[in-house]
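Participant: Construct the entire structure; sequences and hints are all you get.
Its first residue numbered 523, the sequence shown is counted upward by one per residue in the numbering used here.
Everything labelled a hint here was simulated from the structure, so no lab data went into it.
Only true hints are included.
What follows is a list of derived Cβ distance ranges for each label pair:
no., residue 1, residue 2, range
1, 571, 544, 16 to 22 Å
2, 630, 560, 25 to 31 Å
3, 606, 574, 32 to 38 Å
4, 628, 601, 15 to 21 Å
5, 601, 630, 17 to 23 Å
6, 567, 546, 16 to 22 Å
7, 554, 574, 29 to 35 Å
We put the CB at the ideal spot given by N, CA and C, even for glycine.
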Amino acid sequence: MTNKNTLILIDGSSYLYRAFHGVPSFFNSQGMPTGAIYGMTNMLKSLLHDYQPTHTAIVFDAKGKTFRHELFSEYKANRPPMPDELVAQISLTHEIVQALGFPLIMENGVEASVGCVLRTSY
Numbered sequence: 523m524t525n526k527n528t529l530i531l532i533d534g535s536s537y538l539y540r541a542f543h544g545v546p547s548f549f550n551s552q553g554m555p556t557g558a559i560y561g562m563t564n565m566l567k568s569l570l571h572d573y574q575p576t577h578t579a580i581v582f583d584a585k586g587k588t589f590r591h592e593l594f595s596e597y598k599a600n601r602p603p604m605p606d607e608l609v610a611q612i613s614l615t616h617e618i619v620q621a622l623g624f625p626l627i628m629e630n631g632v633e634a635s636v637g638c639v640l641r642t643s644y
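Facilitator: Here it is, written out as structure tokens:
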């Protein structure tokens, strides 16, 4: 589906988690986990193929606390930490996202999902 002037904003952190939990645990020859990278790359390529957007960007959570922590000190207090196998794939995922031509956005104090919509036309 091609749509004139289509903007797609992607919550990259959410996509990465979905790929991590939705794809088997793949590893490269050096033992580095690569399943989330593989899954997210395929998801992004599919998105480009299916929608053929004229504008795209991927927003990732920045490290550190967000404004939500200031509003509610217990925010994410009961969430387990990010799995080490996923942490190991973040920097390479950022590189691949940029190699695919997506602008990569990370804003300190703001989560990727805030203000990020999956698809909007203008």
